[in-house]
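> Starting from the known structure of chain P, arrange chains A and E on it as the hints suggest.
Residue numbers (the working numbering), protein chains in the order written: chain P, 18 to 488; chain A, 919 to 1393; chain E, 51 to 303.
All clues stand as given, with none of them false.
Below, in silico cross-link-like pairs of lysine-lysine (DSS-like), each with a Cα-Cα straight-line distance of 27 Å or less:
hint, chain 1, residue 1, chain 2, residue 2
1, P, 260, E, 156
2, A, 1125, P, 325
3, A, 1130, P, 332
4, E, 139, P, 128
5, P, 128, A, 1194
6, A, 1026, E, 139
7, P, 315, A, 1125
8, P, 476, A, 932
9, P, 32, A, 932
10, P, 128, E, 121
11, A, 1060, A, 1203
12, E, 184, A, 1026
13, A, 1117, P, 325
14, A, 1117, P, 315
15, P, 128, E, 156
16, A, 1237, A, 1223
17, E, 280, E, 133
18, E, 274, P, 325
19, A, 1026, P, 86
20, E, 139, A, 1159
21, P, 65, A, 1252
22, P, 128, E, 299
23, E, 133, E, 113
24, P, 476, P, 390
25, A, 1026, P, 325
26, E, 184, E, 117
27, P, 175, A, 1223
28, A, 1203, P, 128
29, E, 274, P, 86
30, E, 209, A, 1060
31, E, 156, A, 1194
32, A, 1380, P, 32
33, E, 156, P, 86
34, P, 172, A, 1237
35, P, 128, A, 980
36, A, 1194, E, 184
37, P, 376, A, 1380
38, E, 156, A, 1159
39, E, 225, E, 184
40, A, 1183, A, 1237
These are calculated hints, taken from the structure and not from any lab test.
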Amino acid sequence: MTNSKLAWRNLSRNKRRTLITAASVFFAVFFALVMRSIQLGSYDYMYKNVIESYSGYLQLQQTDWWYEKTINNSFEYDSEIRETLTNDENVLELIPRLESFSLASSGANTKGVMIMGIDPVKESLLSDISKKVAKYQLTPEAIEKITIDENFSEKIIKNAELFEGNYFNNKERLLTDLGINIDDADKYMPLLEPYCSIEGSQIELGDPGVWIGTGLADYLLLNPGDTLVLMGQGYHGTTAAGKFPVRGLLELPVSEISGRIVYMPYDIAQQFYNTGNQLTSVVLHLKNNDDRAIEDTKERLDDSVPPKTRITDWKEMNEVVIQQMEADNVSGMFMIGILYIVIAFGIIGTVLMMTAERKREFGVLVAIGMQKKKLASIISYEMIFIGLLGVIAGALVSIPIILYGVEHPLIFKGEIAHMMEEYDFEPKLVFESINLYFIWQLLVVGIMVLISLIHPVRKILNIKVVNALRA
Amino acid sequence: MILLTAWKNVWRNKSRSLVVITSITIGIFAGIFAVGLMNGTMEQRVDAALNQEISHIQINQKEFTDNYNIKLLIDNKNQLKQMINNVDGVEATTLRTLITGIANTATKSTGVQIIGVNPENEKQVFNLHSKTIAGTGSYFEKETRYNQAYIGEELAKELNIIRYRIDNKMIDRLRKQEVPEETISKLEPFIGERFPSQKAFSRTIEKALSEKETANYGHIILDAAWSFRERSKLTLTFVDKNNIQTGAMFRISGIFDVSNSMFEKRNVFIRNEVLKNLTGIEPDKTHQAIIKIADRDQSKEITGKLEAMFPDYQTRHWKELSPDLAMMTGMIEKFNIVFLIIILAALSFGIINTMLMVVLERTKELGMLTAIGMNKRRVFSMIMAESVFLSLVGGVVGIIVSKIMLLFTANTGINFASAAQGLEEMGFSSHIYPTISNTFFITVTILVIITGMLSSIYPAIKALRLDPSDALRTE
Amino acid sequence: MKKLTYAITVLFLVMGIQISAQDLTAKEIIEKADDKFNGEKSGISEMTMTIVRPSWQRTVEFKSWNKDNDKALTLITAPAGEKGQTFLKRGNEMWSWNPTISRLIKLPPSMMSQGWMGSDYTNDDILKESSMVKDYTHKIIGTEKIGDRVCYKIKMTAKPDAAVIWGHQIRWIDKNDYLFIKSELYDEDGYLIRTETGSDIQKMDGRLIPTRIELVPEEEEGHKTIIEIKSIEFNVNIPEQFFSQQNMKRVRQ
Chain P
18 MTNSKLAWRN
28 LSRNKRRTLI
38 TAASVFFAVF
48 FALVMRSIQL
58 GSYDYMYKNV
68 IESYSGYLQL
78 QQTDWWYEKT
88 INNSFEYDSE
98 IRETLTNDEN
108 VLELIPRLES
118 FSLASSGANT
128 KGVMIMGIDP
138 VKESLLSDIS
148 KKVAKYQLTP
158 EAIEKITIDE
168 NFSEKIIKNA
178 ELFEGNYFNN
188 KERLLTDLGI
198 NIDDADKYMP
208 LLEPYCSIEG
218 SQIELGDPGV
228 WIGTGLADYL
238 LLNPGDTLVL
248 MGQGYHGTTA
258 AGKFPVRGLL
268 ELPVSEISGR
278 IVYMPYDIAQ
288 QFYNTGNQLT
298 SVVLHLKNND
308 DRAIEDTKER
318 LDDSVPPKTR
328 ITDWKEMNEV
338 VIQQMEADNV
348 SGMFMIGILY
358 IVIAFGIIGT
368 VLMMTAERKR
378 EFGVLVAIGM
388 QKKKLASIIS
398 YEMIFIGLLG
408 VIAGALVSIP
418 IILYGVEHPL
428 IFKGEIAHMM
438 EEYDFEPKLV
448 FESINLYFIW
458 QLLVVGIMVL
468 ISLIHPVRKI
478 LNIKVVNALR
488 A
Chain A
919 MILLTAWKNV
929 WRNKSRSLVV
939 ITSITIGIFA
949 GIFAVGLMNG
959 TMEQRVDAAL
969 NQEISHIQIN
979 QKEFTDNYNI
989 KLLIDNKNQL
999 KQMINNVDGV
1009 EATTLRTLIT
1019 GIANTATKST
1029 GVQIIGVNPE
1039 NEKQVFNLHS
1049 KTIAGTGSYF
1059 EKETRYNQAY
1069 IGEELAKELN
1079 IIRYRIDNKM
1089 IDRLRKQEVP
1099 EETISKLEPF
1109 IGERFPSQKA
1119 FSRTIEKALS
1129 EKETANYGHI
1139 ILDAAWSFRE
1149 RSKLTLTFVD
1159 KNNIQTGAMF
1169 RISGIFDVSN
1179 SMFEKRNVFI
1189 RNEVLKNLTG
1199 IEPDKTHQAI
1209 IKIADRDQSK
1219 EITGKLEAMF
1229 PDYQTRHWKE
1239 LSPDLAMMTG
1249 MIEKFNIVFL
1259 IIILAALSFG
1269 IINTMLMVVL
1279 ERTKELGMLT
1289 AIGMNKRRVF
1299 SMIMAESVFL
1309 SLVGGVVGII
1319 VSKIMLLFTA
1329 NTGINFASAA
1339 QGLEEMGFSS
1349 HIYPTISNTF
1359 FITVTILVII
1369 TGMLSSIYPA
1379 IKALRLDPSD
1389 ALRTE
Chain E
51 MKKLTYAITV
61 LFLVMGIQIS
71 AQDLTAKEII
81 EKADDKFNGE
91 KSGISEMTMT
101 IVRPSWQRTV
111 EFKSWNKDND
121 KALTLITAPA
131 GEKGQTFLKR
141 GNEMWSWNPT
151 ISRLIKLPPS
161 MMSQGWMGSD
171 YTNDDILKES
181 SMVKDYTHKI
191 IGTEKIGDRV
201 CYKIKMTAKP
211 DAAVIWGHQI
221 RWIDKNDYLF
231 IKSELYDEDG
241 YLIRTETGSD
251 IQKMDGRLIP
261 TRIELVPEEE
271 EGHKTIIEIK
281 SIEFNVNIPE
291 QFFSQQNMKR
301 VRQ
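Bound-form chain P, shown alone (with noise of 0.2 Å):
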C-alpha cells in the first residue's frame, strides 16, 4: 500500500482526533479569511467613499490650481474640451466646479467663506448633498409649542430644550434626539412637522439660490428665505460682488466647515466671479475605477487637453487620506499576523502533542521494520491530508459566508451607526470579495503546516527505539 494510503488510513482510525486538528486549521483559515475580507472591504469602503465624494479619481485643472487655489487659476470650459474628456471610452460624465473665497456679510457680520459653485444635479453623482438640506429645526418657538402641547412627555419636553437651536436632516434623526420610538413616527410626526419645520428647496442651475451651512446661517442670522450678501475678489482683480436668496441650511458634520460653506450653482458662481465661462475644475466620473483604468485614462486625456491644463488624479489629491490607508492597512496586516501566529502555535501545538503521543506506536512500528524514512512520509502525508482538510473547510465554509456579506452588508445600529452616517458613511460592515488575498491567505496557511511537519519528521528520524517504546 503507498504510503499516502497508509496514511489516510491513520486519519480515519483515528478520527475524533484527525478531525479536531483539522479543525483548528479549518479555523486559522476561516478567521482569517473572513477577518481580511472585511478589512479590505472597509479600507476600500471608507476611503473610496471619501474619494469618490470630494475629489473623485481624476480631475482637470488649470496646471497650477491645485497648488495655488485662486480664481485667476481657472480655465476655460468651452465645447472642445467638453467634446474631448466625454468622448474619452472611460469617462462617463463630466462635473463641473468654481470653487473660491469671498466675504458673506449680514448686517454688522462679516465672515470669510469658501464658495462651492456646483451643477447640482451632476455633483449628485459624487454625493448626495441635498440630503444634508435641514428639514427640521428646534427653534426656541418650537420648543415652546412643545412644552405646551399636552401630546409630549416630560421627558421629550427635557430632550427637546437640550437641543435648543439643533437643526436636523431627517425625521428619524429628530425623534431620535427627541428620545421618541421611530416606530411611534406616525403618531409624532404630524405634531411635530409644523412646529419644527424649516423650509429646504433644490438649488438649480440658472437660479441664483444658495445653500448655507447652519453654522454660517446662525452667525449671520439667517433663515431659508433670508438674502445672503457676498462680496470679494473677482477674476483678475474685479470685484465681485451679490445678493443670494437663501434656499436651504445644510447640516454638515463637521463644524468648521458648517461655519463657512456656501453652495451656488455654477453658473452663477461664474457671473458672482466675472470669469465668464471657466472654471476651476472639472471631476470626471469614470466608467472603470480600477488603478490601472485610472492611469491609461489620465495618460490619454493628459495629451489631449489644451494648454495650461492638467488632469489631476486622485493620489496627488489626497495624498494625507492615502497614508493614512497605508497605516491603516499595515496595522491591518499586523493584525492578522498576530492571529497566524496564535494559530501556527496552535498548529504546532497540536502536532507536538500527537508526536509525544504516539511515540510508543512509532517505536513500535520501527522496532518490527519499518524504514524510519516510510513512516516519516506516512506522517507527513498524514498532517498534510488533515492540512488540506482544514484549508478546504475554512475555503468551504467562508466563501459564501464572504459572498453573502457582499451581497448584504451587515447593518449597524446605535451610536457608531449615528457617527459613521453623520460623516457620510453607511453604517455597514463591507467585505471584499474572493480576491488575490484569499488565494494569499491559503498559502500561508498551508506553509504553516509544511512547517510543522518539520518536528515529527525529525523525531520520527531519530527515535530511538528503545526509549520509544517504553513511553
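What follows is chains A and E alone, placed relative to chain P:
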C-alpha cells in the same frame, strides 16, 4: 478538593500541558501586545491633545467658541481662578484671552487664532513650551522690549519665516551627513538662493536631482536647508473690543513642533497683557479658564462640580471638547476586546483537543470514578477545572510576559517612520509607546477563564457519556 | 573793524547757508520728502491704476478725496463693472459701498490682505500708519542720478521696536525738489521684496510731483501695479461730514 485534584491532573502529563500552555501564552502575549500598540497610538494622541492643545476642562462664556466674540468676557478672573483651584482634584488653572486675526510678514499673510497667555501659569497646565525647536528661541522666558510671539512650525513655513536656503553652511551640513559629492555638486549652482516656500524648494530640487537621489537624500537636503532668523518679525492685525482695527509688531520668540500640523498652523501665542492692551480688554477680565486635573478619569465628575459653581458659564471636559477623540477611545476599546476574543477562540481549539485527549486517555480512571459513585456533576467540574487551570496558567504567563515587554518598550517606543507624514497630519506621532490599562488585564484574565470553561464543555460531556462498564473493560 | 565784522558775518552767513544745505541730515531729508508726499492737509485727485500680471492686465480709474492724512474717500469711476463703488477710510478702518448689492460692508483685515482691488497695495500700505521718520534710523549712503534727477541715496533701517514689516529701505530722493524717485524695500534677511519708482514729474496745482508711480513686488515674476495721477488739487476745503458712511452712498463724480 476537586480543584486540587484537577490541578494535579494538569501536571500529570507535563509535556502535553506545557505545549498547550505555551501556545496560550504566545497567543495572549501577541494579542495583548497588538492591543498595546493600538492603545499606545491612541494614548499618544490623547496625551498630546491634553498636554498641548485642550487640557482637561475649559470654562468660558456660553457660545464663546462659536465665533470667538471678543465681548464674551468673564469678570473677576482672579476670583474665578482661586475658586477653581480650591476644588478637589484640580492641579492647575491658566487663563487665556483669544481673538482671531491676521498674521503678516513681508511676503505673506494668513488668518490665525491669537491666544493671550500668562506664561507661568501656562507651563503648569500645558507642556507646549517644551516643544520649542532648538535654536529658535525660548518661549517667553526672556524679558524683552519687543512683543513676543510663539508660533508653530507649520505657520512659520506658511508665512515664509522659515526659509529654505542653499548656502555654503548648508552644503557643509550635507557633507557632514555624507551626502555624495555628485549630488552636492548638482545643488551648487543654487548657492545663494533663497526659496519662498517648501514647495518651491522641493520642486527645484526634484528638477535638479535624479529620482533616486531625491528619494534617498530629499529629506536630508530639506532639513539642512531649513533656515530661520531668530526674532524674525511678524505683524498681527485684529479688531479691538470696539470693532476698530488694531495690531502690533511682534518678534518670534520660539517655534514649536508638535505632532498636530493643524494646531501648528492656526495658533499664535502672545502675552496676555499685550493682547489686553491692544484690544482694550480690562485687566481683570478673561475669555477662558483652562484647567488641568490630577486624574483624567475624574474629568466628568469635576466638570459637574464646576458647572454647579458657575452656572452662567459653559464648562466642558475634554471628551466634549474633542468628540472625535472620545469616539476614537471608545471604538478602540471595543475593538480590542473583539480582537482578543478572536484570538482566544483560535486558541480554544488547542484546549479542546488537549482536554479530549485527557478524557480519552483517562477513560479507565474516569470510568472507575463514576463506578464508585462520583456524581456526574463532579466529574464535569473536574474536567472543567483542569481546562480552566490550563488556560489560566497560559494566560497568566502570557500576561506576565507582555507586562515585561511593555516595561521594556515603554521607554524606547517603536518607530513607524514611513507612514509618518500622514500620521502627523492627523495629529499622531510616528513613535509609538504601547500601553495597556490594568482593567484590560483583568478583562483578559476573565476571558481566558471563560475560554477555558467553554472549551471544556465538549470533552466534559464526552467524559460523562462514558459508560462505566465500557471504561472498566478498556485496556 | 566794522567792515571786517560785516565781511565775516556775511561770509559766515553765506557759508552757513552752504553748510546747512550740505548738512541736512538724512533724517531731515526724509522728513522733507515725507512732508511733501503726505503733508498736504487735504486734496482731491483723479488717478488710474493699472494692475499688470503675467497673463493679464487691468485698469481702474478712481477719484479720491483726502483729509488730514487719516480720512479718505475713494470713488471708482471706471471700468463700467466697478463704477460706483466707494471706499471710506477713517483711521484704521475701511468700509466699502457696493451699488450692485446696495450694501455697506466694513472690511475685515482678511479682505485687505489680498491687495486692494487686486493690486499690489496691501492693508499695510493703506491703513497702517508707520512713520518713515519715527520708525527708522537714517543714513545718507551716496548720491545717484536716476533719469535726469540727481538724488540722495538714503538707507533707512527699521528701529527694533518699530511696527514695520520691513528690515530696511533704500530711498532715492531728488536733491532739488525732495521727491521720492525710487524706493527699495527689504525684509530683515536683506532680501529685496519691493521696489517703488516715481517718474513723469510734472507740475500739478502749482507743485511738482511724480505723476507715475510703479510698484513692483520682487518675489512675484511679472507683477506690477502702476498708478498714474491725472489731476490733483491741494488744500481744498472738504468738510468732516464728507467722510461719512452716508456720503459713501451719495457721492458722485
